[in-house]
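Visitor: Chain order of the listed sequences is Y and B.
For any residue, its number in my numbering is found by taking its place in the first sequence, counting from 1, and adding 61.
For any residue, its number in my numbering is found by taking its place in the second sequence, counting from 1, and adding 1364.
Just so you know, the hints here were simulated from the structure itself, not pulled from any lab data.
Quick caveat, the model's predicted, so the values are computed rather than measured.
Quick reminder that beta carbons are idealized off the backbone N, C-alpha and C, glycines included.
One or more hints might be untrue.
Ranges of calculated distance between the beta carbons of each label pair, as one might list FRET restraints [claimed, not checked]: (1) Y:Thr158 <-> B:Asp1512: 56 to 62 Å; (2) B:Gln1578 <-> Y:Trp84: 52 to 58 Å; (3) Y:Lys190 <-> B:Val1477: 18 to 24 Å; (4) Y:Arg72 <-> B:Ser1460: 32 to 38 Å; (5) B:Leu1727 <-> Y:Pro186: 56 to 62 Å; (6) B:Lys1758 <-> Y:Ala144: 41 to 47 Å; (7) B:Asp1508 <-> Y:Gln106: 26 to 32 Å.
Residues from chain Y shown here face chain B by an in silico Cβ test under 10 Å; the list is partial [to be verified]: (8) Phe65; (9) Tyr67; (10) Arg103; (11) Leu104; (12) Glu108; (13) Gly182; (14) Arg370.
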Amino acid sequence: MNDFEYLEPTRLEDLPGLLGKRWGQSAVLAGGTDLLDQLKERLIQPERVVNLKRIEVLRGIKDTGTGLEIGALTTIAQLEKLAQYPVLAQAASSIATPQLRNMGTLGGNLCQRPRCWYFRGRQYPCLKKGGHKCYAVEGLNKYNAILNGGPSFIVHPSDAAPALCALGASLEIYGPGGRREVPIESFFQLPDENLRRENLLQPDEVLTRVRVPALSPGTRSTYLKFREKQSLDFALSSVAAVLVMDGKKVESARLVLGGVAPIPYRVPRAEAELEGKALSAASIAKAAEVAVEGAQPLGGNDFKVPLTRNLMRRALETLAA
Amino acid sequence: MAWKPLNEMQVLSQRRPRLEAPLKVSGQAKYTYDLQLDGLLYGALLTCPYPAALVLRINESKVRRLPGVRAVLTDAHPTGTARYAGEYLAAVAAISPQIALDALELFEVEYEVRPFVVDLDAAMEEGAPRVFAERGNITDSETDGSGDVEAGFAAAEVIVEAEFRTQVQTHSSLETHGSVAVWEGDLLTIYDSTQAVNGVREGVAQTLELPADQVRVICQHMGGGFGSKLWAGRYTAIAARLAKAAGAPVKLMLSRRDEHLSTGNRPSSLQKLRLGAKRDGTLVAFSATTWGSAGIAGGAGVALPYVYTGLPAWKHTHADVYTNAGEARPFRAPGSPQGCFSMEQLMDEMAEKLGIDPLEFRLRHDANPVRQHEWRLGAERIGWSKRQPSGSGKGPLKRGLGLGASLWQVGGGGSRAEIKVFADGAVELRIGTQDIGTGTRTIVAAIAAEELGLPIGAIRPLIGDSDYPYSGGSGGSTTAPSVAPAVQNTAEKARQQVAELAAPHLGVAPEQVRFAGGRVHGTGKSLSWREVCGLLGAQVLSASGQWVEGLSSSGVAGCQFAEVEVDVDTGRVQVLRVVAVADCGLILDRLTTESQINGGVIQGLSYALFEERFMDPATGTMVNPEFENYKIAGAFETPQIEVLLFDEAERGVIGVGEPPTIPTAAAIANAVYNAIGVRLRQLPMTPDRVLQALYG
Chain Y
62 MNDFEYLEPT RLEDLPGLLG KRWGQSAVLA GGTDLLDQLK ERLIQPERVV
112 NLKRIEVLRG IKDTGTGLEI GALTTIAQLE KLAQYPVLAQ AASSIATPQL
162 RNMGTLGGNL CQRPRCWYFR GRQYPCLKKG GHKCYAVEGL NKYNAILNGG
212 PSFIVHPSDA APALCALGAS LEIYGPGGRR EVPIESFFQL PDENLRRENL
262 LQPDEVLTRV RVPALSPGTR STYLKFREKQ SLDFALSSVA AVLVMDGKKV
312 ESARLVLGGV APIPYRVPRA EAELEGKALS AASIAKAAEV AVEGAQPLGG
362 NDFKVPLTRN LMRRALETLA A
Chain B
1365 MAWKPLNEMQ VLSQRRPRLE APLKVSGQAK YTYDLQLDGL LYGALLTCPY
1415 PAALVLRINE SKVRRLPGVR AVLTDAHPTG TARYAGEYLA AVAAISPQIA
1465 LDALELFEVE YEVRPFVVDL DAAMEEGAPR VFAERGNITD SETDGSGDVE
1515 AGFAAAEVIV EAEFRTQVQT HSSLETHGSV AVWEGDLLTI YDSTQAVNGV
1565 REGVAQTLEL PADQVRVICQ HMGGGFGSKL WAGRYTAIAA RLAKAAGAPV
1615 KLMLSRRDEH LSTGNRPSSL QKLRLGAKRD GTLVAFSATT WGSAGIAGGA
1665 GVALPYVYTG LPAWKHTHAD VYTNAGEARP FRAPGSPQGC FSMEQLMDEM
1715 AEKLGIDPLE FRLRHDANPV RQHEWRLGAE RIGWSKRQPS GSGKGPLKRG
1765 LGLGASLWQV GGGGSRAEIK VFADGAVELR IGTQDIGTGT RTIVAAIAAE
1815 ELGLPIGAIR PLIGDSDYPY SGGSGGSTTA PSVAPAVQNT AEKARQQVAE
1865 LAAPHLGVAP EQVRFAGGRV HGTGKSLSWR EVCGLLGAQV LSASGQWVEG
1915 LSSSGVAGCQ FAEVEVDVDT GRVQVLRVVA VADCGLILDR LTTESQINGG
1965 VIQGLSYALF EERFMDPATG TMVNPEFENY KIAGAFETPQ IEVLLFDEAE
2015 RGVIGVGEPP TIPTAAAIAN AVYNAIGVRL RQLPMTPDRV LQALYG
């Protein structure tokens, strides 16, 4: 890694000034489980690394009565204990390894950079690094996007993000203008909106808090992740499903896919297949079918279509049981 | 020459933790990577980013100006023509690893980038870019076989044919390759992560044009090699040259990335196979045309028709194909897992077509008498009789059983050893072998202890140093059959000398002296070992011995059975059980034997289901030179492994390291077919390939 200035500020208010207005000038360090790799591989060579660990207001999980407020420095291991939100706890448990879950933070997980080997490999000047092409299109794209891809075909690697989308979470951001709050779905951005980054954060902004609304009575949720190895592996495809049931009938559904699109991919068309109906084999099959509608695989990732369809069916079957 | 009868053995053939286990689990065992010396410098390598390039000029002036840099080499490449991305071009030594890496950023290199080809099929096409300008990419083919294959196929009533592919697997040793080079005057000491201290000594002496007696190579503990650390690396000579230039010791350990790119691999293969039989199940003919790429090297052969050489007519034609990729090196049973994977699947396909149970079909066609027993033992253990028709399972999780055979031929030889006995009873054993993680240190001590009637702790085994009596490299499963006879022979000589010393005091002839339980026995009287050794006075007893005939043999037969569960919704293959039947001869230690077999099965499973080097066709580079996307089976992927040791002590010592990794992929592939009724003819059997096979 390059030489840089290292700071440990204690006040949130000082952060925007320390981070600066230019991309690449500063890097935010929380758990470091992604940042250190980026530094060591020289994917980024910041002038300054700002460690958040002394900013106490970024810690802790608070029950507000209307839901939870989770500080951005909350570790993934802490999220595993949130049994009242099975979809989130399960997603957290599926992340990396116990060691990484003890270090990695929620904020870092949501803001982590893509795993695409062309992005991570320093020798490929890909679109996301300001280069001229997405190498995955003509290259090896087993792990790339089948939905909403283009011009870059990365997938968003977070497991927490689909779970939080399915829970209808919102994110608090702190910047030079103070606090602002955005629904998590508008936080993430597709490559055609924002090619170089995966979300709307500006260089001088940080994610400070995640708000998860309290669950309605009758809510069932699950996170189903498929990975090649059962530990230390990212999703080939995953499904976050939150259903609010009224007896046997689905009152509302939020279904979000991970590992298949550049953002956590919510599938309203599949939700519509379930809402207002009894959760049956037929409605589940239909929802699973439409979940992958419009998929445009690249040749090496065609398998993600049946895989995602089957995972959706399985996740919903789990909730029906 | 003979081993003691099994029932008289006190130390050998038991289950014994390794002598160095406490050092390893407590972190005290020092690997090459761990070595710290006063004034140690850290080396780093500049590698070629292009798969084919002429290096026109390397300007290192900025590197030399970086504070902390102590030595720079710009002639690390022998010719200046780089043929794969990852070849070493230049090197630097600096006072910290960070400065060494920073220095790499400062080299200015001018390249003439050339056309390249990294894909096996593309390299075989007419007009493909040539890896070597002076010759085509496909080497002259070699043909082996016997009998009249054409007549055989003409007489065949049933024919199966299929195309199989296997991937490039990198050795992925947990400790990367590397050396620490230390000069004291003209004497060069190399601490190396190696499978061959003597091989490295010879290689370094040759490269640096030093007399062999001025090079000493030491390796006390090493983190895996699997065939990739059998000789001196180019990095070894580079470390020595940097150290000479800097006047300080240099540690040069490869990065994980360089490890994947430049330290060897198991070559790929493309195999077109055909097998003919009579309806009654008699096999009449087999033909195979195979290709494989060992990158810029040769040696991509495929072992075919594997164990079924009794076929009346068979023919195997093979050619290597050059590609712009790192050279292959021997990898645990070279050529064998590839051939076993295809041949055992083809045998299963034929058996199914003939309506014969796959096990019954093996028993009919496998001429090896040991394996005849082993097939039955393994089948009994896995519950073969409960095997269901292929693809008949209900529900998304489908189970299946499969099998595969293994074979290994290499024996041992060449080792020498020395034993010193001191007046206080201490026993020192020196042998210039190395422990590559297989328990060699423990077994050499155990053999000496057994012969001298002492507990294992009474022997101090000194290994891993080229200054000790010569022993060859640890490859080809030759270590135990090489070192065991040498140590036994040496210990016997030491025992004879001690017997002569003790005999007058015991009132018997030296031939009547017996050694057991830490005592030296006459016919009635006995003395403690220490009392006898005390008779040495100021002298040290020394015995030298060497490998002798009759204590070891070669030829290992084995087989494995796998039970898998395939999730047809996700394409995941979970191996539930592997029964590994291993032909072991005299088992020197049961625990370390089982460990080696467990390791072989896990590595074979990882080859079958996970590991794959991905080369980007557009840039000619490896996209996964790490452990995130170069996936290796972990604890969750490891099945229940049941090791059945088929021991025949009368055969003496035989190597067991390689055979258990051979049939695992074949057994899993046949089990996957039994589970889902669809055959996977390409490795690794990853979820994408399973889903592709199921969904088209």
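Visitor: Quick check on a hinted range of 56 to 62 Å for B:Leu1727 and Y:Pro186, using CB atoms only.
Guide: Between B:Leu1727 and Y:Pro186, where Cβ atoms are some 59 Å apart, the hint holds.
Visitor: Holds or violated: is there a CB of chain B closer than 10 Å to the CB of Y:Arg370?
Guide: Result: holds, 9 Å to nearest chain B Cβ.
Visitor: Just to be sure I understand the hint, the distance between the Cβ atoms of B:Asp1508 and Y:Gln106 should be within 26 to 32 Å; is that true here?
Guide: violated, 55 Å
Visitor: Under 10 Å, Cβ to Cβ, is where Y:Glu108 needs to be relative to chain B, so tell me if that hint holds or is violated.
Guide: violated, 16 Å
Visitor: Honestly, do Y:Arg72 and B:Ser1460 meet the 32 to 38 Å range at C-beta?
Guide: At roughly 34 Å between Cβ atoms, B:Ser1460 and Y:Arg72 fall inside 32 to 38 Å, so the hint holds.
Visitor: Can Y:Leu104 be said to touch chain B, with a Cβ gap under 10 Å?
Guide: violated, 13 Å
Visitor: Closer than 10 Å between Cβ atoms is the bar; does Y:Arg103 clear it against chain B? Give me holds or violated.
Guide: OK, holds: Y:Arg103 within 10 Å of chain B, min 8 Å.
Visitor: Within 41 to 47 Å: is that where the Cβ-Cβ distance between B:Lys1758 and Y:Ala144 falls?
Guide: violated, 34 Å
Visitor: Within 56 to 62 Å or not, the Cβ separation of Y:Thr158 and B:Asp1512?
Guide: holds, 58 Å
Visitor: Is the hint on Y:Phe65 kept, meaning its closest Cβ partner in chain B is under 10 Å away?
Guide: violated, 12 Å
Visitor: Starting from the hint 52 to 58 Å, judge whether the C-beta atoms of B:Gln1578 and Y:Trp84 obey it.
Guide: Roughly 56 Å apart at Cβ, these two residues keep to the hinted range, so it holds.
Visitor: Less than 10 Å between beta-carbons is the criterion; does Y:Tyr67 satisfy it with respect to chain B?
Guide: violated, 14 Å
The structure does not agree with the numbered hints 6, 7, 8, 9, 11, 12 stated previously, though it agrees with the rest.
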